[in-house]
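First to last, the sequence lines map onto chains A and B.
Residue numbers for the first sequence, in the working numbering: 1 to 420.
Residue numbers for the second sequence, in the working numbering: 421 to 693.
Read the hints as simulated data drawn from the structure, not as lab findings.
Even glycine gets a Cβ: it sits at the ideal position worked out from N, Cα and C.
Among the hints, a few may not be true.
[Stated by the list, open to error] Here are some chain A residues the structure puts well away from chain B; computed CB gaps all over 10 Å:
1. Ala21
2. Arg28
3. Glu81
4. Gln124
5. Arg172
6. Asn182
7. Thr384
8. Leu413
[Unchecked claim] Here are a few chain B residues that face chain A, going by a calculated C-beta distance under 8 Å:
9. Arg579
10. Arg581
11. Glu594
12. Arg661
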Amino acid sequence: MIIVIGVSHRTAPLPVREALAFPKDQIRDALLRLRAETGAGEAMILSTCNRVELYARQDDPGAVEALESFLARYHSRDGRELQAVLYRYADAEAIRHAFRVASSLESMVIGEPQILGQVKEAYQAAEDAGTLGAALNALRNRTLAAAKRVRTETGIGRNAVSVSYVAVELARKIFGELKDKNVLLVGAGKMSELAAKHLVRSGGRATVLGGRTFEKAAELAAALGGKAAPFESLRDELARADIVISGTGAPGLVIHPADVESARAARRGRHARPLFLIDIAVPRDIDPAVRKIGGVFLYDLDDLKAVAEANVRERLKEAAAAEALVEREVRDFLDWQKAREAVPLLNELRRRAEEIRRHELDKAKRRIGPLTPEQDEAIEAATTAIVNKLLHSPTVHLKEAARESNAPEQLSLIRKLLGL
Amino acid sequence: MSSHVYLVLVLIFYAVGALHILLQTLTRRRLLVTSWTVAATLIGFALHTAALAQRWTEAGHFPAVGLHDGASLLAWTMVLVFLVIYTRSRLEALGLAVYPMAFALVLIANLTPIAPVGDPVLKSLFLPIHTTLAFFGYAALFVAFAGGLLYLIQERELRSRTPRTFYYLIPSLETSDRLSARAVEAGFALLTLAIITGLLWSHAVHGVYWTSSPKEWSALVAWALYVALILARYQTGWGGRRAALLGIAAFTAVAFTFVWMNVFALPVAARTP
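The following block holds chain A by itself, in its conformation from the complex (with noise of 0.2 Å):
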């Protein structure tokens, strides 16, 4: 049976997480102490700034009171005292909450892609610790296999949520491809650095205006891969540029209608692209005038805001598909478990047929005396068919006998029926 608890951001407040979370460090011994003390037979931990979770495989009624203590003991904290914020699931509940995680249903931000690495390294860690066996091992082969559909076959990772990577996907929504477009930072900002590593590393050029503090920008721009120019090529640096990141301090206006339109002028003539001004700085660095000019498209701070939210709606009209991928992969998982109950009996009976087989054959064959190759071989033929078509239909029964709810049952009664 596999168990998994937990607390996450929608049970427990971040302290809370913090104090019971599991350094990367400690994540080896804390499993070893976790399966020793509790008598679990595999053991992984799952430990993000989001969530803390044990998940382990443990065959014992009281399992789940055993792991709680354990978490409590480990971090010496009052048992009663995390009652309210743990949850608790077995069996399907546990598969389904652990496709869930993977899947980033349960994210904070639905679709981010982080927890799938998190998720892949916890398991790679409890397999290092020795602590992963056959089931928990099969719970991480058909976890990653799920989350990997929920991304490729929903959307539910597929627009921009951050500020930063809208910006970027609103230049490919302008210009498709951002290979060798010319990336202008205006002010050596944090979120303007952010957005313009993201833009090149989708193949922008980079030159990084700098103001008063020249060095700044000297030094983003070598960051960047790019140049530096002086704040007084403005107007020139503009005529080249196809994204434009403004984040200076300045107190007022820094980028006004009559730049962008000598900037456009100087490009006429030669390929009309468009021009997208980001203006990130509060307060505001560029002119909101310049949208009236044609092939001129100016988001503000408010405006990429905007799009990351209809982005986050987008993301969860997509999380439908996503839920309704995980319960099939997750019935799926259900039946293969139970279905691999029967091959045990499978196997034995399939072994006690052959036995007889050959028993009978050797027997017969004594009687008959010497027989030719061909002879052979056809014997050989017959009775190995024979007992493939008798066998047939109890093995597909058995697969099916194996999905049913009374299960154990049912197959111990055909145990006894084959005198096995």
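With chain A fixed as given, assemble chain B onto it according to the hints.
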């Protein structure tokens, strides 16, 4: 089966494609065109090809004269062009324009009687050559028109700064712009050849190249608009919004040529190809 029966089946399969893409749009699914759509389209297209072959045998001439045949052949050409573009670049959003259009054209073909023409001039080899060039030209220019529409819709989405359905479904501005540019080039080349063969055909039949019919004039106007569009694109690097608008305007002239040719000009069409 007669070509009529085929055409009803074609309508059903294209309707499946059109409804499916509409449904995907309304539910904002990630894939506009799914394997279901593609399967329905391919079956519909195969039946459509059979319908045209059948119609060709029945008519005894290339089935491109009159609204019934013209609409059917144009729909066939558009679906073929869409399939080619789709296999090459997966431009699904183009289906938003092509599916309803193909459905509408086949519906028109189903609702209109076959034009009663038996003019010997239709036996001319000019008919298949001229109309094939013209119809593929129309289809390419329709793609350019659709690309222009996609561009304008996406531009509006981006300008509104609050993304709605189309923001998610329609390709980037640059993609639509490039699609239009290439479709205009191809369409313009085909249209030019169609006009030349049309003039030659006219000369062969009437002894004059130019008969001054409205259809000839609208074809010439469309041709001139496309010359302007192509020159503007290459000489001044004029793309984007204005190219989209001009492409849409030029296509209106093309549409007029087609409508005049296949609706009003009959049976004169038989004499003034």
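Restraint: Arg579(B) near chain A, CB-CB cut 8 Å. Satisfied or not? 7 Å, holds
Non-interface claim for Glu81(A) versus chain B (Cβ beyond 10 Å): About 45 Å separates Glu81(A) from the closest Cβ of chain B, which puts it past 10 Å; holds.
Is it correct that the beta-carbon of Asn182(A) has no partner in chain B closer than or equal to 10 Å? 14 Å, holds
In terms of Cβ atoms, is chain B entirely out of 10 Å range of Ala21(A)? 36 Å, holds
Under 8 Å, Cβ to Cβ, is where Glu594(B) needs to be relative to chain A, so tell me if that hint holds or is violated. 4 Å, holds
The hint names Arg661(B) as touching chain A; please verify it with the least Cβ-Cβ distance against 8 Å. 7 Å, holds
Verdict on Arg172(A) as a residue remote from chain B, using beta-carbon distances over 10 Å: 6 Å, violated
Does the nearest C-beta of chain A fall within a distance shorter than 8 Å of the C-beta of Arg581(B)? 4 Å, holds
Would you check whether the claim that Arg28(A) is not at the interface survives, using Cβ distances to chain B and the 10 Å cut-off? 41 Å, holds
Taking the minimum C-beta separation from Gln124(A) to chain B, is that value above 10 Å? Holds: least Cβ distance 31 Å, greater than 10 Å.
Can we confirm that no CB of chain B comes within 10 Å of the CB of Thr384(A)? 42 Å, holds
Interface-negative label, Leu413(A) against chain B, beta-carbon threshold 10 Å: Leu413(A) is indeed farther than 10 Å from all Cβ atoms of chain B, at 46 Å.
Checked against the numbered hints above, the structure breaks only hint 5 and satisfies the rest.
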